[in-house]
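Visitor: Residue numbers (the numbering used here), protein chains in the order written: chain R, 1 to 916; chain W, 917 to 1031.
Hints listed in this document are in silico derivations from the structure and should not be mistaken for laboratory results. Be aware that a few hints might be false.
Unchecked claim - Result set (SDA-like, lysine to any residue): computed pairs, CA atoms no more than 20 angstroms apart in a straight line:
hint, chain 1, residue 1, chain 2, residue 2
1, R, Lys360, R, Ser345
2, R, Lys19, W, Lys935
3, W, Lys935, W, Gly1024
4, R, Lys19, W, Asn975
5, R, Lys57, W, Trp983
6, R, Lys12, W, Glu980
7, R, Lys57, W, Pro962
8, R, Lys117, R, Pro351
9, R, Lys155, R, Trp136
10, R, Lys12, W, Pro962
11, W, Lys1000, R, Ser118
12, R, Lys19, W, Lys985
13, R, Lys19, W, Pro962
14, R, Lys57, W, Thr998
15, W, Lys1000, W, Arg977
16, W, Lys985, R, Leu21
17, R, Lys679, R, Gly645
18, R, Lys57, R, Glu39
19, R, Lys57, W, Lys935
Unchecked claim - Each pair of labels, with its calculated beta carbon distance range:
hint, chain 1, residue 1, chain 2, residue 2, range
20, W, Pro941, R, Arg47, 25 to 33 angstroms
21, R, Arg47, W, Gln953, 43 to 51 angstroms
22, R, Arg85, W, Arg976, 35 to 43 angstroms
Even glycine gets a Cβ: it sits at the ideal position worked out from N, Cα and C.
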Amino acid sequence: MNWWQRVWQRAKQEEQLDKELEFHIEARISDLRDAGLSEEDAGRRVRQEFGGVAQVKEHCRDARGTRWLEDFFKDIRFAIRQMRRAPSFTAVAVLTLALGIGANTAIFTLVNAVLVKSLPVRDPAQLLLLGNIRTWGVVSGQTGSFSVFSHDLYKHLRDNTGVFEGLCAFQSLDIRVTVRRSGTDAAQPAGVKLVSGNYFGVLGVNAALGRTITPSDDSASAPLVAVVSFRYWSQRLSRNPSVIGSTVELGGVPVAIVGVGAPEFFGETLQPDPPDLWLPVSAEHRLNPQRTVIDAPDSHWLFLIGRLKPGILKSQAEGRLTTGLRNWLSTRDLSVESRRDAEKSYIELTPGGSGITHLKRRYAETLRLLLGISILVLLIASINITNLLLARGTARSGETSVRLALGASRGRLIRQSLTESLILAVTGAGLGLLIASAGTKLLIALVFRGADYVPIQTAPDLRVLVFTGIVSLGVALGFGLLPAIRGTRNDLGPVLKGVTRGVRGSVLSRRRLGVGQALIVGQMALSLVLLAAAGLFGRSLANLTRQQFGFEREHVLVVSVEPGLARYEYHQLGPLYQRLHARLNSLPGVRSAAFSLYAPFTNCCWSSGISVQGYTPEPKERMYAVWNRVSPRYFETLGTKVLLGRPIDERDTATARHVVVVTEGFVRRYFRNQNPIGKRFGIGEDSHRGDLEIVGVVENAKYNSPREELRPMAFLPLLQVRPQPGEPLQSAQYRSNFIRTIEVRAAGDPSAIAGGVRQALHEIDPNLPVMRINTLSSQLGRTLNQESVIAELAGFFGVSALLLACIGLYGLIAYAVERRTGEIGIRMALGAHGRSVIGMVIGEVLIQGVIGMAIGAAAALAATRLIANQLYEVKPTDPATLAAAALTLLLCVTVAGYIPAHRASRIDPMRALHYE
Amino acid sequence: MGVPKSDLPQGTLDLLILKTVALGPVHGYAIAQRLQQVSRDVVQVPGGSLYPALHRLENRRLLEAEWRKTETGREAKFYRLTRKGRAHLESGAASWQRLSEAVGLILGFVEGGAR
Chain R
1 MNWWQRVWQR AKQEEQLDKE LEFHIEARIS DLRDAGLSEE DAGRRVRQEF GGVAQVKEHC
61 RDARGTRWLE DFFKDIRFAI RQMRRAPSFT AVAVLTLALG IGANTAIFTL VNAVLVKSLP
121 VRDPAQLLLL GNIRTWGVVS GQTGSFSVFS HDLYKHLRDN TGVFEGLCAF QSLDIRVTVR
181 RSGTDAAQPA GVKLVSGNYF GVLGVNAALG RTITPSDDSA SAPLVAVVSF RYWSQRLSRN
241 PSVIGSTVEL GGVPVAIVGV GAPEFFGETL QPDPPDLWLP VSAEHRLNPQ RTVIDAPDSH
301 WLFLIGRLKP GILKSQAEGR LTTGLRNWLS TRDLSVESRR DAEKSYIELT PGGSGITHLK
361 RRYAETLRLL LGISILVLLI ASINITNLLL ARGTARSGET SVRLALGASR GRLIRQSLTE
421 SLILAVTGAG LGLLIASAGT KLLIALVFRG ADYVPIQTAP DLRVLVFTGI VSLGVALGFG
481 LLPAIRGTRN DLGPVLKGVT RGVRGSVLSR RRLGVGQALI VGQMALSLVL LAAAGLFGRS
541 LANLTRQQFG FEREHVLVVS VEPGLARYEY HQLGPLYQRL HARLNSLPGV RSAAFSLYAP
601 FTNCCWSSGI SVQGYTPEPK ERMYAVWNRV SPRYFETLGT KVLLGRPIDE RDTATARHVV
661 VVTEGFVRRY FRNQNPIGKR FGIGEDSHRG DLEIVGVVEN AKYNSPREEL RPMAFLPLLQ
721 VRPQPGEPLQ SAQYRSNFIR TIEVRAAGDP SAIAGGVRQA LHEIDPNLPV MRINTLSSQL
781 GRTLNQESVI AELAGFFGVS ALLLACIGLY GLIAYAVERR TGEIGIRMAL GAHGRSVIGM
841 VIGEVLIQGV IGMAIGAAAA LAATRLIANQ LYEVKPTDPA TLAAAALTLL LCVTVAGYIP
901 AHRASRIDPM RALHYE
Chain W
917 MGVPKSDLPQ GTLDLLILKT VALGPVHGYA IAQRLQQVSR DVVQVPGGSL YPALHRLENR
977 RLLEAEWRKT ETGREAKFYR LTRKGRAHLE SGAASWQRLS EAVGLILGFV EGGAR
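Let's have the full structure, built from the sequences with the hints guiding it.
Guide: This is the structure:
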């Protein structure tokens, strides 16, 4: 029999044991009788020889070697009986645990998905990224470590280094396009990622339907094809298999759908709203003829990922890639300075199993913080359960003493008590897992607010289950061990004499409650730490939200457009902008309207080197400005104050003199508080320092992040460009005149005019792709979302901690008061007032509260230093926040103590004295 | 005077049981009887030692058991040596013999020598 069979067939085993021993005894008796003994004598003799049958059986059971397991099952049955006997205790404990474990599991699911998991591709551990992926977009003048590559450089590295089994390329930024299915009218925005022909092959991703993109698709002469994501196919194309081979229009360009990606594949980047369609890189100039970069060898815009050939070491590959890079650079037509930089350029390989991990970088700290906070809350919850178990242990001490007196071993009783804890924890964990999957959905919705879809699975995977298992085991041991050990201490005397309660001075100072008290003090301290952290995050968020941004965020609508996609040529822009300006500004309900290359918080802006007339840079000083191009009425529309001179207006046409408006910070930096109006500077080297005349100064504004340091910023009118001989119309100079956003200030609610604006744009040009319409304040809110989520969740967990601690305190005090009924009764019989009884109980509560707070304050000062770099304009040791947290805690503690205190003051002395 | 089980050297009872069972399938009571007879009443194993030992050996797969009828027609649990049990018995008996010869030599009971 296997061990599990032995356990399983326990009843049969017992029966056989009985039979075997019975046979032995009977056989012996009959032998003895044969030898001439009387029935009675034989029986006595056998009992003597054999020993106690019950004891023999016990030894035999021990010999089976499965005793521990049998006991374990017995303990489980016992524990379940005990739990049923105290349903409210069980319910409170299990629910507390379920919430605590559920929250931890939910946060860990996110941690797992964002920080730990690999891409759902073949053998992700083999994948290597070229470069450290700190820059993206379209980059020129890269030096040092290369991480974005031009199409030309990609082909050079792919074909000439010989270290890769496969090296594929993909766009470092997704593009948004409008998709129109043939036969339908409405064009829907969608995300597109351009990938090299071998992308799916190198990653090892198959098509769920049709085929993937192949190298033969990736050529300028090949017909345009696209693979749609499984999600896009399911949601937008209603899982219709006939879409394979059908044609859609992307920004007016017909593209054939050839396949649907694998269901779990979301691309190489874990991000909210992953791409809906993949197209070959060669489609770039057809999709985006105005801003095409595919044929510009010095415009770097592709990320590269690959698998090394077997036997090639990473360091070898890096060496050969760096050589390849420098060879390529040497063929380029570079300035002397750039040539020197080229000598120092190199390529490093970084792990690519998780793909591009912007999300990881961005959320790592937040997620770890949340996990830390939720573990603290679980700790506080466990302490409550410890206290409940301690109290129950005291109540059960009579029973325990009797069992000990009857010979039960202490280890056995501890094991039994721990089994009970385990059952509580496992039940809690089971329920917690259910809560967690809902919690994960909620968390994703919070953390990625505004996203339609985030490719994170909410169902727990093995790693999450293991995490939950370890947490619940840890919790069971954590809250169960102390009560188990304390509850089985062998001090039989008083218990068996029936002295289980009585007048013993302050019951709160008794040993057994002493531990409970210490735990409560610990809980208070932890709660204070969490409250203080929540307070700091709240203040930090308030500071971020209420700061001066340099624009008025209310009443402004921001519309993302892409005229580049509507096949506008550069020379058509002037008339388009005139029509836009006139039409939008005459719309009812519109105060003013403008348009620009960038609006605040829309991937702003471009920066470049400048030279300023009359300013001698310090050695090594970086002379630069951050640029935007804006239409007339732009500052008025955004609510940016003009401090000096005039804003960009209708006078600043393409043919007028070249002017610029700068920010206060720009003036402070480059003109040291002289009057800058009429002063000149230019983009690039010294020869251009007279190009632009400053006509106005506006207040500083934040365009990228609410936390950014102010940078010198300059605003150019649209269409004022410095023509350079031989410069193609696709150059960066010209590209910057294709607007991306339209800003509209409404008289009232901005969303109310959204329809009118959309209609007007449609009338101006039905092909003008409108990507998104947002209010400026919601855009800002989205930018601040991460901070909001931290503040909200920290607040939520802080309040939960406070609540748990107060419930714990309440329970302990209520229990103490009950045990002191006799004493309080005597006091009152001797003339004590109800009020003095309340004072006495509250006094003891407050002592604990104050001790807890003192420890908590010290801990908070140490702990909040860890979050210092996440705070904005509030010190981690901010005394006001700490004081507010302490006061809140004290208030709650007093309330938690008052209820039982009040009850104590109502004790009827006569009844109390009869109570003994 | 019988020797109580606790006075038997460690592991000896197991060896005695295995030896007894090696002669053919036998039930617990018969093992006790036979041990007593063969040892001329020197070894008396009480049930409290015999049965746990039997069950332990069964657990270690040195013995296997089946229920059978005795000559008197009653159901009894018969033990039989497994291959593993026989190997154990042989190595145990050999080392016991070496030990007892050695002890005998030292105490001067036997002439000659251990191999």
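Visitor: Which earlier hints turn out false for this structure, listed by number in ascending order?
Guide: Failing hints, ascending: 1, 2, 3, 10, 11, 14, 18, 19, 21.
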